[in-house]
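Note that the protein sequences, when read in sequence, are chains A and B. For the first sequence, this note's numbering begins at 340 and goes up steadily by one. For the second sequence, this note's numbering begins at 340 and goes up steadily by one.
Hints in this document: simulated from the structure, not taken from any laboratory. Since the model is a prediction, treat every value here as computed from it, not as a measurement. For glycine and all other residues, C-beta sits at the position ideal for the given N, C-alpha and C. No false leads were mixed into what you were given.
Far from chain A, some chain B residues (derived; all Cβ distances over 10 Å):
id, residue
1, Trp379
2, Asp383
3, Glu385
4, Val471
5, Ser489
Pair ranges (Cβ atoms, derived):
id, chain 1, residue 1, chain 2, residue 2, range
6, B, Phe523, A, Phe469, 27 to 37 Å
7, B, Ile497, A, His454, 35 to 45 Å
8, B, Ser489, A, Trp379, 50 to 60 Å
9, A, Pro528, B, Thr465, 22 to 32 Å
10, B, Leu367, A, Leu479, 40 to 50 Å
11, A, Ile468, B, Val538, 11 to 21 Å
12, A, Phe360, B, Thr526, 32 to 42 Å
13, B, Pro487, A, His454, 56 to 66 Å
Number of protein chains: 2
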Amino acid sequence: MAMEGYKGFLVLLVSALLVGFLSVIFTLVWVLHYRGGLGWDGTDLEFNWHPVLMVTGFVFIQGIAIIVYRLPWTWKCSKLLMKSIHAGLNTVAAILATISLVAVFENRNYRNITHLYSLHGWVGLTVVIFYVLQLLLGFLVFLLPWAPLSFRSFLMPIHVYSGLLLFGTAIVTILMGVTEKLFFVLTNPAYSTFPPEGVFVNTLGFIILVFGGLIFWIVTRPQWKRPKEPTSTLLQPNGATTEGVEGSVATSYGHNMDKSDSELNNEVAARKRNLALDEAVQRSTM
Amino acid sequence: MAMEGYKGFLVLLVSALLVGFLSVIFTLVWVLHYRGGLGWDGTDLEFNWHPVLMVTGFVFIQGIAIIVYRLPWTWKCSKLLMKSIHAGLNTVAAILATISLVAVFENRNYRNITHLYSLHGWVGLTVVIFYVLQLLLGFLVFLLPWAPLSFRSFLMPIHVYSGLLLFGTAIVTILMGVTEKLFFVLTNPAYSTFPPEGVFVNTLGFIILVFGGLIFWIVTRPQWKRPKEPTSTLLQPNGATTEGVEGSVATSYGHNMDKSDSELNNEVAARKRNLALDEAVQRSTM
Numbered sequence: 340m341a342m343e344g345y346k347g348f349l350v351l352l353v354s355a356l357l358v359g360f361l362s363v364i365f366t367l368v369w370v371l372h373y374r375g376g377l378g379w380d381g382t383d384l385e386f387n388w389h390p391v392l393m394v395t396g397f398v399f400i401q402g403i404a405i406i407v408y409r410l411p412w413t414w415k416c417s418k419l420l421m422k423s424i425h426a427g428l429n430t431v432a433a434i435l436a437t438i439s440l441v442a443v444f445e446n447r448n449y450r451n452i453t454h455l456y457s458l459h460g461w462v463g464l465t466v467v468i469f470y471v472l473q474l475l476l477g478f479l480v481f482l483l484p485w486a487p488l489s490f491r492s493f494l495m496p497i498h499v500y501s502g503l504l505l506f507g508t509a510i511v512t513i514l515m516g517v518t519e520k521l522f523f524v525l526t527n528p529a530y531s532t533f534p535p536e537g538v539f540v541n542t543l544g545f546i547i548l549v550f551g552g553l554i555f556w557i558v559t560r561p562q563w564k565r566p567k568e569p570t571s572t573l574l575q576p577n578g579a580t581t582e583g584v585e586g587s588v589a590t591s592y593g594h595n596m597d598k599s600d601s602e603l604n605n606e607v608a609a610r611k612r613n614l615a616l617d618e619a620v621q622r623s624t625m
Numbered sequence: 340m341a342m343e344g345y346k347g348f349l350v351l352l353v354s355a356l357l358v359g360f361l362s363v364i365f366t367l368v369w370v371l372h373y374r375g376g377l378g379w380d381g382t383d384l385e386f387n388w389h390p391v392l393m394v395t396g397f398v399f400i401q402g403i404a405i406i407v408y409r410l411p412w413t414w415k416c417s418k419l420l421m422k423s424i425h426a427g428l429n430t431v432a433a434i435l436a437t438i439s440l441v442a443v444f445e446n447r448n449y450r451n452i453t454h455l456y457s458l459h460g461w462v463g464l465t466v467v468i469f470y471v472l473q474l475l476l477g478f479l480v481f482l483l484p485w486a487p488l489s490f491r492s493f494l495m496p497i498h499v500y501s502g503l504l505l506f507g508t509a510i511v512t513i514l515m516g517v518t519e520k521l522f523f524v525l526t527n528p529a530y531s532t533f534p535p536e537g538v539f540v541n542t543l544g545f546i547i548l549v550f551g552g553l554i555f556w557i558v559t560r561p562q563w564k565r566p567k568e569p570t571s572t573l574l575q576p577n578g579a580t581t582e583g584v585e586g587s588v589a590t591s592y593g594h595n596m597d598k599s600d601s602e603l604n605n606e607v608a609a610r611k612r613n614l615a616l617d618e619a620v621q622r623s624t625m
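One chain only, chain A, in its complex shape (with noise of 0.2 Å):
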């Protein structure tokens, strides 16, 4: 299927892929190395936890899901798939998230430590509640088959707003969580003497805003969205009322009509029809 920048895309895919693989195992060396290991005996080997799947949901898995439409091997496949794809990430993410939050309240429980005090605690909680929501949500409007289409492309640009909303304010979560532990377990030698610790999960914090950086960039590229119809047929109306607007564009492009052309046609005609909706809509929700 035709991209394109399909090199620039794929290089970007694997340093995503590779970058967002990296801060996993950062995330299981410096709990298995430094900080004793995981358990879930209440202990914080059971708050080890809490790091390792907060970046492998929280950060990788959302990470991917993000940017699963926009796999142009993908392209060909229905659209309920994808959808499917999308959201059982996002499920596998908040699964990995709750069983997380799980570990720190029983450590806490366990080491008699009040809960949620803290900037972290709050942001953090708050990240997962509306991520929960967001889910639910987007299950019920896009997933199940009775939403209309008009509410669809209404909560579209709303839904990949809160969407990359969510991610990035769970990265800020995360290196405000980093933050706090470095604090706390850098005692002696002090985090302020570079101790082999604090600078491997300083890197750490720089892996997880580089994987970040990647998947916005990733997301944000108009000429990598999936195209709006996987089998693209020259000048079939997407739809609706089209006031003979294509065939007659289409018409006047002639000679050298392709796809590019035609995908530019049913745009106009799309927006044409209701300039007000976000162009993602017009690509994701019909």
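Please build the complex by placing chain B on the supplied structure of chain A, with the hints as guidance.
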């Protein structure tokens, strides 16, 4: 000047201004009421300029600089004027950020604390350096008249992306800094006992996030983009080769031709010439 969803835009703009203003006020209350006030004597009173100048410059002013092209009452102003305002606001933000860094460095020298060991320090310094580079590059390419259009078109999507990434990362850095500071200073009573300062500054953190969310919403609505040409002339081809496309498309629209249609036609021609270009470029550089 007509704009789609003008009322919605105004509501969001006023909200962003209020929330941004509130974040500055909260920061001032934090340092003046809870942290002993401001000074320039090397002590923590000098450090206190750090959050004040960062929230003022790197959150509030940078946020306004990002959305300044979207104010519809400026659409009659020349692009050069708006670029100068955009660059000017970002310059003010960069100057405030620099003074803010001087305050930290002098305070750390005075107290004999190591520089730049925390993730906050690493990310923060990186953001300020890239922010200044972005400012210089933007000035050279977009404000000075010498860069060729093709290079401006190439750079514009990168400039927009980098700007938003820097703004987001500035917020990440500030919330890490807030986390650090609260854990340092809130020892008696401890942060974990919900002292007024902790609750107050957690709230400040939320306010900053909401401000970021509002700016991101405003800047990503396609219908609120500054139109490509300040005074749109019907059927006027927008430069370069037109292949008779605008004419025939316009004719096919016929009776319901209006400003929006005219804009669409221009867009079709423009995108036909180079589909790879980000739409943002189309409106921002030519």
